[in-house]
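Here the protein sequences come in this chain order: A and B. For the first sequence, this note's numbering begins at 21 and goes up steadily by one. For the second sequence, this note's numbering begins at 444 and goes up steadily by one.
Check the hints yourself; a few may be wrong.
Keeping only pairs whose Cα atoms sit at most 27 Å apart, straight-line, the calculated DSSO-like set for lysine-lysine is [as the list claims (entries may be wrong)]:
#1 A:201 / A:103
#2 A:103 / B:612
#3 B:858 / A:201
#4 A:163 / B:858
#5 A:216 / A:359
#6 B:776 / B:612
#7 B:842 / B:815
#8 B:763 / B:815
#9 B:776 / B:760
Keep in mind that the hints were calculated from the coordinates and are not lab data.
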Amino acid sequence: MTLHIPRDEQDASAIIREAAAKRAKLRVSGRDTKAAMGRPVDAQSGISSRELSGVTLYEPAELVISALSGTPVSEVVRTLADKGQELPFEPMDYRPLLGTKGEPTIGAVAAMNISGPRRIMAGAARDSLIGVRFANGQGEVVKSGGRVMKNVTGLDLVKLMAGSWGTLGFLTEVTFKVLPKHERMSTLLLRGLDDKRAIEALSQALGSPYDVTGAAHLPAPDTLGARTLIRLEGFSVSVDYRLGELRRLLKRFGTGDILEGRGAEALWQSVKDATVLQDHAGRSVWRISTAPTKGPDFASHVGRAVDAQWFYDWGGGLLWITTPMAGDLGVTAIREATKAFGGHATLISAPSEIRSALDVFEPQSEAVMQLTRGIKASFDPAGILNPGRMYAGV
Amino acid sequence: MSIAFPKPDGAILSRRNEILAGLARLVAPEALISSEDERRAFETDGLTAYRQIPLAVVLPSSTAEVSAVMRFCQENGVKVVPRGAGTSLSGGAIPQEDAIVLGIAKMNRVLDVDFANRTARVEAGITNLGISQAVAYEGFFYAPDPSSQLACTIAGNIAMNSGGAHCLKYGVTTNNLLGVTMVLLDGTVVTFGGEHLDSGGYDFLGLITGSEGQLGVVTEAVVRILRAAEGARPALFGFERVEDAGACTAAIIAAGIIPVALEYMDRPAIQICEAFAHAGYPLDVEAMLIVEVEGSDAEIDDMLRRIVAIAEPFRPKTIKVSQSEAESAAIWKGRKSAFGATGRVADYICMDGTIPTGQLPYVLRRIDEIAKSYGLGVANVFHAGDGNLHPLVMFDTNKPGEMEKAEAVGEAILKLCVEVGGCLTGEHGVGIEKRDLMTYQFTATDLAQQMRVHGVFDPQWLLNPAKVFPLEGRLAA
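Sequences and hints are given; from them, build the entire structure.
Structure, rendered in structure tokens:
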């Protein structure tokens, strides 16, 4: 395995051009903390963004930051925090779930569209991503979008790059819209609700005018231990007011407790990083997006078929499920559920032989698969970038 | 009249009767418009200086009809210009003589509203405001609010990725769209997304949003609806120097405040709007900011107090914090009538570039110089939070050559936007208007990549073909 580590964009372009000429497949990576996600890539060499590092533009007053793709997420987060700002979509850190070490890169956040609990309020990574530069599968350097947040000039290739898992191009630089950090965060904690009641409470909170920025439900073996979390952020005066109103609105679900400070932050981090999942090591992990009120039906459908454990984020619309590493890993029940209730399911964590045998992403209709293949060919006609990472033959 | 249309395809024009007969077999009789008088109603859109009478107009009432028409057109090599309400300011819906107009405005029903999941499923011909009205009884609304929202369709909003005055907080169309049903050129009906967030696979939903009707025709959409804030109130600040208004905007954001709207008007815009709307705008200032915040009364009071304190070091000559609904309405009436009020005093073309907000003073100075060099005036309104600038270049149609001058000024302004790190269009789209300027923002490689993606959907350039990409240098099928 040869690993190419370009020092700059031109270098990356030359490496890919040469590989394309030889039809040599390339595994596309950053710093490898999420190498065990997606379908395994069959390639003899690789290209890594790890040396493309550094913030290239930061204008706090314009709410915009650009960084080379291999820049550690932690460096971007620190740079923003120095000016009281943050990435609005609160990107998840996959390391605890996958048991990996090293520094996740900002390029991967874009390439995999990685978001966290605040996605329900502030949009996903793809919503904040306003510009990209990348080398396509022929080694041509392409830019799309830019550094301004309102831009409808030409086809929005930024969106295509977000969530394409390195199969369309090798990102060299990404630009995000950022937001000020909130002065205060407070969480209303309701106890003892079963899944349906909990999602009802979350729906009511999210349908209120009180700008909820986090809405999760953590079931427990008995409903006594179940916790339902509703997060508010903002200026202190405003948080106080909204907490009061929200408690009044939700009083039929119990009075609830207020959580603030370190403990609350740690709790939301465990929701964001899905570490509230018990025993995720040694089990397969699925991430499912569906309509929030369908979440409980979805989960119990899977729970009837296999020994599943789960929790909900995004008001019920994001379901993390672990299933035993045995039989079909619950895939049959999960795919049945996406058909019945809508949404899509992604296999996040399982050994590589399983990830190459199963559909990791939700299977698409033949018409959409045809478009998918067409898009792939339009960026990477030789099919050398991360072949098969998302779908066989793409 | 400097924007060229491709030469009509004589073979198509000569087959007009046959094509009309073919279409007549596919749709209900009232859905096909063939008389010249009736077709004339579709000859232009919001860019009224350009007009072309289409071959025919088809107004289907179902996805199945749209599919049949699209398949027929592809099989017969007939160009299709999709149309919502025809309000595009960039000429995105202007027809061609050898193309049919495919209008979806008849498909305007609300199919389902789900308040618990905060989504609405609608037919794509519904108006933007129609969605908000359909969910208002529960206090909900659809957030993107282009100023044409009374008339424009959600299909058009999706095609142009429309924005509005409140996108600093709520985002633009692409951030508020969950799913679509779309008809491809060969008649295939596909769905992207659904009632859930962030589907896996390539982000086709993101790709088709803002694709200006060149990838397919959207017939249904699932949009995110939001619960409206308890209230909203603006404050108005007048400054003696452009720089102070710019610095004040930066200071508000640096203090961690993201107002729901942050609008800038320059002296000519203030004068024109005040004369029309009697909004109580200060006439002795160079720049004015309208800053609006949302929440309960107490939250609004607290936030406006903070904003006034932030503004004070920049020595505003006027500070007016709205105390009532009537005052709020007056403040907004002036801003919202900017285009109409300008239209009373002059003909104008409305530009739509975006700039890094820190460049505002420099850009305004340059715009003034450019306009003066052509002997024309410009009024500027600006979404100060997101950098989207709308210079209104004023001219007199009755003076020969003035419109061409205005277009030249507009072009120079857009090039300036790109030069300072911005873009050609923030929310109006490229259409025909900015098509030939694309090479200023994009390299040949950038454009070729976009055109290859376009080619996945429409290799023969049949869908809205005269738009977006320069006519020279297009990739052939």
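Hint-by-hint comparison with the structure:
no. : hint          : verdict
1   : A:201 / A:103 : holds (9 Å)
2   : A:103 / B:612 : holds (20 Å)
3   : B:858 / A:201 : violated (35 Å)
4   : A:163 / B:858 : holds (18 Å)
5   : A:216 / A:359 : holds (20 Å)
6   : B:776 / B:612 : holds (21 Å)
7   : B:842 / B:815 : holds (17 Å)
8   : B:763 / B:815 : violated (32 Å)
9   : B:776 / B:760 : holds (21 Å)
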